[in-house]
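J.: One-letter residues, chain by chain:
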Amino acid sequence: MFLRTKNIKLSPIKQMELLAAKIPDVVSLAQGIPSFDTPDVVKKAAIKALNRGVVAKYSLTYGLPELRETIEQKLAESEMYYDFEKEIIATAGSIEAITASLISIINSKKDEVILFSPSYASYCEAIKVAAGRPIFVNLIEADGWRIDFKNLARRINNRTAAIIICNPNNPTGTIFPKEDLLKIAELAWKRKIFIICDEVYKNFIYDNEVTFFSLAQIPQLRKIVIRVFSLSKIYAMTGWRIGFLHSDEENVSEIVKVHDSLVTCSPVISQYAAISALDFADKEIEEFRQKYQERRDLICRHLDDLPEFFSYQKPQGAYFIFPKIIQYKEVRPPMEVEPPKIKSASWRFAIDLLKKARVAVVPGLAFGPSGEGHIRMSFGRSEKDINEAMRRIKEYFNE
Amino acid sequence: MNNFFKKIVQFILKWFAKVYLWRIKPHIIVIAGTTGRHWIKEAVKEALEEKNFLVRVNKKNFNAEIGLPLSILDLASGEGSFWRWLDILWQAVKKAFRSKPPVLKEFLVLEMAIDHPDNMNYLLSIVKPQTVILTTITMIYQENFENLDEIANEYQKLIKVLSWNGLVILNFDDERIKNLTKFSNNKIITYGFKEGADFWVKEVKKLIDGQELKLQINYSKNKEIRSLKINRFGNHHIYAALAKEVIKESFKISAPDFFRQIRG
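As you go down the protein sequences, you meet chains A and B in turn.
Under UniProt numbering, the residues of the first sequence are numbered 1 to 399, in order.
Under UniProt numbering, the residues of the second sequence are numbered 1 to 264, in order.
With the rest of the complex left out, here is chain A (with noise of 0.2 angstroms):
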């Protein structure tokens, strides 16, 4: 029974907002949820739609016409050139996009893919559900958690179907350069490898003098590039669950397969909430990237405050922190809460700090073998909710 699923765990990231919960008064930096609401001009937009009465049939399976033809214009502005009605999906979400190009891309004689460690959590599972092997390629801390690409040219092998970027890296805040973007699609060119290009977090870029680059403005990779995006976290949009994927006709093609039967077409509410976001919102989203520059100096501020026990390095992007744990106190047993059975240092102290001073992190674990030592915070909370999580934090290590 459950064969197939046995394997997959639920994220650790969930697994800690369930024991959270269980915990009364709890601050959490856990979950990358932004603090804020969803903007005005795409909830209207939303209750418009509903009200016109467009809202309760499926859409076509790749989307809304009109959505992705709002994709393609938003596309072109960065210099990425996708034919909206054979290149674009509309999905929900980052993760099912994701999901869906693992499935199309993974069979019994690729099954191998890389992702690097520490990355998003939930690839290793999304990898698993597709029936794939996840290969972690560590990333250097030393090196501000750039890619290890002696190790990453080792792990490459005929097995390997993909290799996954999350750029902005989510828990890092790395933001890869062109040169080492370009050595990865070299390095899978030759071994005609994918390469799904996750880039969530790709508006909130706190350093002037970091420039973005994505590998889907290279034209002549547009067959080994696979784009995921996402509303969630740019535009406040987690719950409304929805993104979208593009690549070369050829690839896009089979995936829609894969996405029609897993969700037969994204939420139509969330795909005209969509259009107006990525037409109307840009104002709201330097307003939010604002709001996390001053929410990353402020967690700065604080850990600084804890030099004995956290080192860091400071964000480029997106809205986590990845600090290393110095030192800490050991869990004291029996708990209240029910720990999770991986026992790693990082899991002991996210557990500790969940139980006595009431603050969720996540364990760096969760991120790839390389997280290990280290948690993942998120400063897309509130600055109340820092300053407190932060306060509680000082004094746990100040006990």
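Keep in mind the hints are simulated off the structure, nothing from the lab.
Quick caveat: nothing in here was measured; it's all calculated off a predicted structure.
Cβ coordinates follow ideal geometry from the N, Cα and C atoms, glycine included.
Don't take every hint at face value.
So these bits of chain B aren't anywhere near chain A, every CB distance computed over 10 angstroms [what the hints assert, rightly or not]:
#1 Asn2
#2 Lys100
#3 Tyr122
#4 Asp149
#5 Lys178
#6 Gly196
#7 Asp198
#8 Glu212
In silico EDC-like pairs for lysine to aspartate or glutamate, Cα to Cα no more than 16 angstroms straight-line [unchecked claim]:
#9 B/Lys59 <-> A/Asp279
#10 B/Lys252 <-> B/Glu46
#11 A/Lys48 <-> B/Glu50
#12 B/Lys206 <-> A/Glu249
#13 B/Lys205 <-> A/Glu77
#14 B/Lys59 <-> A/Glu77
#15 A/Lys355 <-> A/Glu395
#16 A/Lys48 <-> B/Asp115
#17 A/Lys44 <-> B/Glu79
#18 A/Lys283 <-> B/Glu79
#19 A/Lys43 <-> B/Asp115
#20 A/Lys74 <-> B/Glu42
#21 B/Lys206 <-> A/Glu250
Some chain B residues well away from chain A (every beta-carbon gap over 12 angstroms; in silico) [unchecked claim]:
#22 His38
#23 Trp39
#24 Glu49
#25 Lys51
#26 Trp83
#27 Lys94
#28 Ser125
#29 Leu167
#30 Asn179
#31 Ile208
#32 Ser220
#33 Leu228
#34 Lys248
Fit chain B to the given chain A structure using the hints.
T.: Positioned in the frame of chain A, the structure of chain B alone reads:
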């Protein structure tokens, strides 16, 4: 903005837009159809700019009851702010009565969107185009229309308001659009993939970085073959490229305008 205030704003903007058009008299090119308007609009703009004309196009999605007059007057939206709308109305007064006609002929390229049978009458009560470009009539934007023929009837109105020297540019591949030729006494130029179009795409080759097309122009006395390369994918970009060629062929800068430009 509540509905009452919206109606007032809509009414005032409509009249200021009409005053502006009456005073400035730009050459108005309207692009209508259920899909592909945006790309055609961009292509038309490029074509006219290449010919050194002054061109203004409507901003993103400013193509319906309030957006169209705002586009004509070159104003932003007040969105949900009452005070901003008041300011916009004041600016509209200034635009309508104080704008001076440009030295060179100005082209106003407007996308027109309809989602209801009455929309076209309203939009035409503001704008009388000199050139109409029609893209497609497909089921995807059907919304409040009974059927696609009802949408075609709306576009018929657009063609009928053209003056004797107006120009109609039609997508030859769309049967309903093609059939509109019988309602026009104006000069008609067609474009498309089907043989018989004045600007006919004979061949398309998909490249790694775009599309290459061989175009046969049957419009002039001598048939002419042209090769074009575009860095975009999809048929809608081919249609846009065709529209661009049609515009380049149809509008040449006049000698007085040319010399005015040289003199600066």
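J.: Quick one: which hint numbers does this structure break? Sort them smallest to largest.
T.: Those not satisfied are hints 11, 13, 19, 22, 23, 31.
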